[in-house]
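Participant: For reference, the chains in residue letters:
There are 2 protein chains.
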Amino acid sequence: MHIDLLRSGDKSLPRQISETIAQRITSGLLQPGTRLPSVRGLSSSLKVSQVTVSKAYADLETRGHILCSQGKGCYVAERDRSRQGAEAGWQDGYDDYLPRAQLWRNFDYSEVDYPFHLASIHSSLLPLGPIGTTMAVLVNEQPELMATYGNFQGDPELREVMRRHLQSRGITLGAGDLMITSGAQQGIDLVARTFVGPGDTVYLEAPSYTGAIDVFAGRGAEMIFVPMDGDGMRVDLLTAMCDRRPPKLIYTNPTFQNPSGVTMSMPRRQRLLELARSYRCLIVEDDPFSDLYFHQPPPASIKSLDTAGHVVYMKSFSKVLAPGCRIACVAAEGNILSRLIAAKSASDLGSPLLTQRAVLPFIERQYDEYAAKLRWALRVRQEAAARLLKQYAPAGVTWQLPEGGLNLWLQLPESPGIEELHALAEREGISFLPGDVCYAGDMPSRHIRICYSQLTQEGMERGLRQFLLLLGRHLCS
Amino acid sequence: MHIDLLRSGDKSLPRQISETIAQRITSGLLQPGTRLPSVRGLSSSLKVSQVTVSKAYADLETRGHILCSQGKGCYVAERDRSRQGAEAGWQDGYDDYLPRAQLWRNFDYSEVDYPFHLASIHSSLLPLGPIGTTMAVLVNEQPELMATYGNFQGDPELREVMRRHLQSRGITLGAGDLMITSGAQQGIDLVARTFVGPGDTVYLEAPSYTGAIDVFAGRGAEMIFVPMDGDGMRVDLLTAMCDRRPPKLIYTNPTFQNPSGVTMSMPRRQRLLELARSYRCLIVEDDPFSDLYFHQPPPASIKSLDTAGHVVYMKSFSKVLAPGCRIACVAAEGNILSRLIAAKSASDLGSPLLTQRAVLPFIERQYDEYAAKLRWALRVRQEAAARLLKQYAPAGVTWQLPEGGLNLWLQLPESPGIEELHALAEREGISFLPGDVCYAGDMPSRHIRICYSQLTQEGMERGLRQFLLLLGRHLCS
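Top line first, the protein sequences correspond to chains A and B. Note that UniProt numbering numbers the first sequence so that position 371 is 371, with each residue one more than the last. Note that UniProt numbering numbers the second sequence so that position 474 is 474, with each residue one more than the last.
Just chain A, same shape as in the assembly:
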């Protein structure tokens, strides 16, 4: 399909594509039932990125012009014929309560060799052996673990282990103050469904974690993004903003923040907590990375300072142990926690018992030693990535090396667009996270996020070098 695109025009590329296709559909040029080109195919023929085409398709789908389904691709919606697709025209008018278009859904990453967009840890660094062994023993010796619905709040034995884990990190609570969720994503989702409704004000760092943005958007929240500097969220600005719009909830990822890598200073943590107290609101402290420091341990968690149950603290164990086990711990007190447990029970009747027990011995006995090794391995990778950046990054590209975590947040010079860069990179089998998905709405961003830990070290170095060379060519073109 050929579409003339004006790269210097007022209209964004996705809008140009979606309007053109919509015209062809309404004019009858594209018949109902016609299959549209794949995202990959159209992005390649138009020389735009998959992000651009995905946005256009998401827009067309929202407006009812096309139907997309994973694996089958996108089709022009049919209005009045018989059989599926067909009579299913009614579906286009069926209202939903979904958040922003899920850009990534139509992506095809099967041919990406260097998936730098994924913030995860390569399996060779994860303790899959010991966890797998425990699981094999459990299914053999206690098969009934697979047959039981767990406790809604999470296995009491695992909660006790997590209680001790948190205590060693300055958070003193009872095992009754903890809840196990299927990953931190579910924890964020439970908080949102319990406490955030249409029009409620949620403050987040600018930029913030895409998964949290999606969840709050899905609840119809009014999201306000608070600028950051090298000490994290600008709590002084937030204070002024709260005067105008009192917060229902503040979401923060204060340590080695995703995506920026910035760590919030201790004074800011204290002030943020004071703010929550004076506004009688919740802070969600999402903390997947605090054990992954390279030099000094980061400041104590906000939760460790909390004396009045203002902080819902989320500790993901998925990310650092075994993402497939989907285990995270949520710490909160009083009726904030009891309401979250009620939401958990309605949402899935409790997380599976087997995976909870499979990670238990490792967290209890081997976690700290493992975390020390993992810190070392990640630091080595970051140093290697830093060397490559120094050597190959074109002029005008800037970055701050985070003191821990998995990600680099690169700022590109203004000129050539990130969408074109993404399209070019994909053709070389490389992907990255465009910064604009770390904001709500259509906020343009000059940043990209690169994760240096999801490949082997050698693969990471090869891919990053290739990407930086490509970036150089792109910026000079």
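If you are wondering where the hints come from, they were derived from the structure by calculation, not from laboratory data. Do not take every clue at face value.
It does not matter which identical chain is meant; a pair holds if it fits inside one copy or across any two.
With a straight-line Cα cutoff of 25 Å, these simulated DMTMM-like cross-link-like pairs (lysine to aspartate or glutamate) come out [stated by the list, open to error]:
(1) K390 - E222
(2) K248 - D59
(3) K72 - E157
(4) K11 - D59
(5) K11 - E414
(6) K47 - E428
(7) K72 - E222
(8) K373 - E144
(9) K319 - D236
(10) K72 - D96
(11) K72 - D92
(12) K72 - E160
(13) K248 - D92
(14) K72 - E364
(15) K319 - D368
Dock chain B against the given chain A, drawing on the hints supplied.
Facilitator: Chain B alone, transformed into the frame defined by chain A:
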């Protein structure tokens, strides 16, 4: 704590208890921080059931008088002292979007020998051996399965196996039309969060599945319960009701319905689908039990009749294979499915890959043979339960034996209350599901649900005999 209860009064027992305790708190008789008696303790001292006390405590918690947390019990809320509980007084005024009080949350079933309230299958009947073996092999040979986030929509190989499974049951769809969820509970939840919002009309059978009621209540839906007869939901009445209030969604469990055991006739299934077409709305067909028939296979699913994507079909594999694996399949078409996948991705980034692969070979190769054996075993149990009912059920207790499934739905004579019965039964280590939780609000019910499959056959027979004898004494008293 002593409370004078008027058993013949206008006010319900829970209301009498909660008002008395609230008065004692506001008058200062009960000081902030005071621990209330446990649900079990108070129910025993007042000679009422745990349900009654739980309702009272849930009401007090909603009104901010007390704070409850699992494991720690319930405390009188503190308003203005230092440290947790304490300054956490702010929490009581922090708004939430939770549905009805989660009655069951404060229950203590640790001393129940005969948990007839649980609708599940005893582990000795489940294929935990083969599934456990597959899992042990997987963690050994493909440990990286624990390290990967799965596909949001579910593992493509498992979806292909499920596609063939559904095809053998008359539902012809592509693997791209299926999504894997963490149990059917999550499937219902995803539909509700995607398509049901405040004030939307949802029709359900009267009575219906408690887990679905909680989910729709949580979305602020207007739930309307449609009477049933021996052929299932009265679609004629529903048609008249829809004229007054058009449906956004109809939730049905048409085969061996939970809790009533009734199966919807084929003509009703067809008419229900026609109704959905004329109102351009969705039907959620929740179908955990259709393979568990004792004599004739039940009528074809509503989904198998659906040509225009009106039915979201949910098939739980958890219930019949391994509840701890939390695997269910959702079948839907067009942009109904693609919107559900978007909701799934925001809710948990996809179900764990390992458990999906662990059930795959069993579903592919052994399920049908296993289902035949399971039907036989359940039928034997139901026959044993039926014999005991005939022999020991007191006059005035009535029931219909369902043609399949796990549950009996007993109607008790009007006179003595079900709450008192529940309290008595608990003292003998027996529990059952009181019928009123199968409706929204405070609808009184003369029914109770008993599951005959979650114990060993011998245990079930012993417990049921004991319960029926107790019921006889209760009704004569």
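Participant: Is it within, between, both, or neither for K319 and D236, if the alpha carbons may be no more than 25 Å apart?
Facilitator: neither (32 Å within a copy, 52 Å between copies)
Participant: From the Cα coordinates, with 25 Å as the cut-off, is the pair K373 and E144 best called within, between, both, or neither?
Facilitator: Cα proximity of K373 and E144: across copies only (19 Å, versus 35 Å in one copy).
Participant: Go through the copies and call it for K11 and D59: within, between, both or neither, with a Cα cutoff of 25 Å.
Facilitator: within (14 Å within a copy, 54 Å between copies)
Participant: Classify it for me, K72 with E157: is the Cα-Cα distance of at most 25 Å met within a copy, between copies, both or neither?
Facilitator: between (44 Å within a copy, 15 Å between copies)
Participant: With 25 Å as the alpha-carbon cut-off, assign the pair K72 and E222 to within, between, both or neither.
Facilitator: neither (35 Å within a copy, 35 Å between copies)
Participant: Since the copies are identical, ignore which copy is meant and state whether K72 and D92 lie within 25 Å (CA to CA) inside a copy, between copies, both or neither.
Facilitator: Answer is within; shortest intra-copy Cα gap is 18 Å, inter-copy 49 Å.
Participant: Indicate which option fits the pair K390, E222 if close means a Cα-Cα distance not exceeding 25 Å: within, between, both or neither.
Facilitator: neither (40 Å within a copy, 61 Å between copies)
Participant: Have a look at K319 and D368 and pick one of within, between, both or neither, based on CA distance no larger than 25 Å.
Facilitator: within (15 Å within a copy, 37 Å between copies)
Participant: How would you classify K72 and D96 at a CA-CA limit of 25 Å: within, between, both, or neither?
Facilitator: within (22 Å within a copy, 40 Å between copies)
Participant: As a check of your reading, is K72 near E364 (CA-CA no more than 25 Å) within one copy, between copies, both or neither?
Facilitator: Answer is between; shortest inter-copy Cα gap is 23 Å, intra-copy 45 Å.
Participant: State whether the alpha carbon distance between K248 and D92 is at most 25 Å within one copy, between copies, both, or neither.
Facilitator: between (33 Å within a copy, 14 Å between copies)
Participant: Can you give me the call for K248 and D59, within, between, both or neither, at a CA distance of at most 25 Å?
Facilitator: Only across copies: K248 and D59 sit 24 Å apart there, 30 Å inside one copy, limit 25 Å.
In summary, the structure is inconsistent with hints 1, 7, 9 from the numbered list given earlier, while agreeing with the others.
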